[in-house]
Amino acid sequence: MEMNQYLAMFIEESKDHLQSLNENLLKLEQKPDDIEVVQVIFRSAHTLKGMSATMGYQDIASLTHEMENVLDLVRNNKLAMNGGIFDALFKGTDFLEIMVQDIIDGGTGKADVSSVVVVLQAIVSGDFKNQGANDNKSSSSFGQEMELDEYQFSVLEQSLDSGFYVYYIKVSIRDDCVLKAARAYMVFDVLERHGEVVKSSPSVQEIEQEKFDKYFTVYYLSKQEEKEIKQLIVNVSEIDTAEIINMDKETLDQIVKKDYSTTNYEQSSIIVHNEVAATAQVTTTAKAAPATMNRTIRVDIERLDVLMNLFSELLIDRVRLEALAEEIKRNDLSETIEHMSRVSSDLQNIVLKLRMVPVESVFNRFPRVIRDLAKSLDKKVNLVLSGEETELDRTVIDEIGDPLVHLLRNSLDHGIESTGDRIKAGKSETGTINLRAFHSGNHVFIEIEDDGRGINRDKVLQIAIKNNIVSPEIAQTLTDDEIYRFLFAPGFSTADKISDISGRGVGLDVVTTRISSLGGHVNIESRPGLGTKFSVQLPLTLSIIGAMLIRVSDEKYAIPLSSIVETAIIESSRIRKVHGKSMIDFRNTVIPVIAIDELLNCKRDKKEIKVEHEIVIVRKGDKLAALIVDELIGQQEIVLKTLGKYLVDMFAISGATILGDGQVALILDTNAMIK
Amino acid sequence: MGEELKVIVFTLAHEQYGVEVDKVKTIERIVPMTRVPKTPDFVKGVINLRGVVVPVIDLRGRFNLPETELTNDSRIIIVSVGELEVGLIVDSASDVVDVDEDSIVDPPEVVGGIKAKYLRGVAKIHSDQLLVMLNLQEVLNKKEIVQLEVVEE
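Protein chains in written order, with this note's numbering: chain G, 51 to 725; chain B, 27 to 179.
Everything labelled a hint here was simulated from the structure, so no lab data went into it. Glycine included, C-beta positions come from ideal geometry on N, C-alpha and C. Worth double-checking, as some hints may not be accurate.
Partial chain B-side listing against chain G, Cβ under 10 Å, derived [stated by the list, open to error]:
| hint | residue |
| --- | --- |
| 1 | 47 |
| 2 | 51 |
| 3 | 60 |
| 4 | 62 |
| 5 | 65 |
| 6 | 72 |
| 7 | 77 |
Cross-link-like lysine-lysine pairs, in silico, DSBU-like; alpha carbons within 30 Å at most [unchecked claim]:
| hint | chain 1 | residue 1 | chain 2 | residue 2 |
| --- | --- | --- | --- | --- |
| 8 | G | 477 | G | 77 |
| 9 | G | 673 | B | 143 |
| 10 | G | 653 | B | 143 |
| 11 | G | 425 | G | 379 |
| 12 | G | 725 | B | 141 |
| 13 | G | 653 | B | 64 |
| 14 | B | 150 | G | 695 |
| 15 | G | 425 | G | 160 |
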């Protein structure tokens, strides 16, 4: 289908608009009278409506339509925002997200949105009743023509649903009438007493100023019968005739569709305009948030992967050329290759940078999560984001969201005290959670810090002992840090009762597993009564890492530098057998020795007896092990490759890389070797 | 006439086999392979296929046929099925033929020592030759790698 090519674009843009809806609704919740923000929200909803209608997603279109109705009232100062309206709008946004997700997953984007729609409609119609009188006076703002705008149309439509009659009335005044305006006023007066005038043409002001010929028309809502209305109007003196058309849904639809289609057409052509206007607004309001309107294009991540692959091939060829130039020893050749090397390392930087995404794309959904959570826990909390511009590799970004949500929930549920407790403790009523990201060396740190009650060290220890995670004797000797670490043990929970949010003991262990699978780790700092800080350390990129190349028999392997403590040469005589296991004394501790060739079943022609062994000391958490290798080849930056989907869960192998000679070398997962 | 299928013909232990051409990415000469520890014997290792690491299995070993030395005629057929991309070592790859889909008949229990579940059927080509069509889905069944491993340990 032809639509398919637009689908990806639709999805991307919908996500952007949903994000903007969420963000701006939150902003508006802070400052409910900021009409500027309402305008932005309205435009997002409106664009979303237009796009989804074009793509044929009717449910999204109709829901956004309802939201737009409410927003329209707000931006025209006819409705003040309140908690109920925010909740309804947030709920609507949630539904939109669900529907868009459904479309992403290949669904039809249909959902039963009636619950929200009813609420939204109630907001609009409820407002209408308070607003009826004002409406007349301000109706000039709706234009000179007898055209219904969407808001008025929905008012009429809902009134029909709730049992009102909708009349289109044409009132003619006698030619010889002197005070046309006064007569018209009397007609309005009568009408207002028995119903409500939704729209008049010419506008009320113009009628008051006698700026009309000898008739005017109104859309009128009433519970009275047609005949009675007619009688009422004609009873006013000097009124010639009153033509009344009783409108049902169908006729209403027809009228509206006519001008609907024209306005729709206009709207769609204006969308571009709107967006330009929106960006202009962003720059004008840029004092608050630095404008992020960079000139960008969207690129499929797969293309970047292909680029990365091609580049790594180029790297391999470069290494080959360098070796050849060394042999041939021609100056101009060497110079050219040297230049090529410089260019290619610049290129490497750029290619790697292309994959970097600001953490903002993960952070920006958190304010919403925290808002909802705080509401359901009945706590007051302020989430402060900083360092959103910090960049991380796309692969890390994709994985980091869930663990961070877990940590945030944990801080909010366990860290931040209830409002009452906070006041008792002499703290401000509103808790604060700081979420920071920053670069440091080759790592990115993400910190989640709350000013809550801190970790109850003794309670954690008690539970750890009760759950047999640690024996009471050892427990005496543990440092705070070691005790906090128990929080990451599977099934661990300090919560007395299980809440929806946390306390089931699943979560924090998932967090560490996920983060260590990304090559990072989590640290905890806590001060009782003052708060807790979770600090997540992540590698900058997952696609290129520093590694030590080693040789075992005739096979080459790479060991990530991040897990290596040091390398050394030891005499065979220092290896001792303890309970049938090889161990060595190393810097005053006894650590196990692992012969990689035996572990990986390497073929060996004959077992050589060596006097000395080269070893690599590797670390998993605080455990060490010594790996015996035949040769340490050297350090190198390697490009990570997967083994593909066929070979999965391989023992002690985490991936592969391609060496300078074009050969594949496997990357050892030393964590799997240390028990 | 049913649909015409383009099929790559290769030999394995003197039998002719076929895989659909649209499942074949490339056919490569034998290149050095990097052994992957703790895998079944028929997994010969991984190769660098223009910057992508691709596992290679020996079809003889996969079907429990006696393995032989690789020769100059040996080829690696890189197939991709779903998300899987795997190289298959065969004795030689010789030809591309058209096969009428209707002429494919169900395979007998065992053909040339290979169980029927790995086969899609048998087709007649050139009026007198039989071509055994492989069922790549089953040949590349990942579950069997795991099971074989368990047996091995």
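These are the hints, each one checked on the structure:
1. 47: Violated: closest Cβ of chain G sits about 21 Å from residue 47 of chain B, beyond 10 Å.
2. 51: violated, 12 Å
3. 60: Status holds, d = 4 Å.
4. 62: With a minimum Cβ separation of about 6 Å from chain G (threshold 10 Å), the hint on residue 62 of chain B holds.
5. 65: holds, 7 Å
6. 72: Given a least distance of 5 Å, the restraint on residue 72 of chain B holds.
7. 77: holds, 4 Å
8. G:477 x G:77: Measuring from Cα to Cα gives roughly 25 Å; hence the hint holds.
9. G:673 x B:143: Distance ~47 Å between residue 673 of chain G and residue 143 of chain B Cα, so the pair is violated.
10. G:653 x B:143: With a Cα-Cα distance of about 34 Å, the restraint between residue 653 of chain G and residue 143 of chain B is violated, given a limit of 30 Å.
11. G:425 x G:379: The given pair, whose Cα atoms are some 73 Å apart, is violated under the 30 Å limit.
12. G:725 x B:141: Roughly 40 Å between the alpha carbons, so the hint for residue 725 of chain G and residue 141 of chain B is violated.
13. G:653 x B:64: holds, 12 Å
14. B:150 x G:695: This hinted pair is violated, its Cα atoms lying about 34 Å apart.
15. G:425 x G:160: At roughly 28 Å apart (the allowed maximum being 30 Å), residue 160 of chain G and residue 425 of chain G satisfy the hint.
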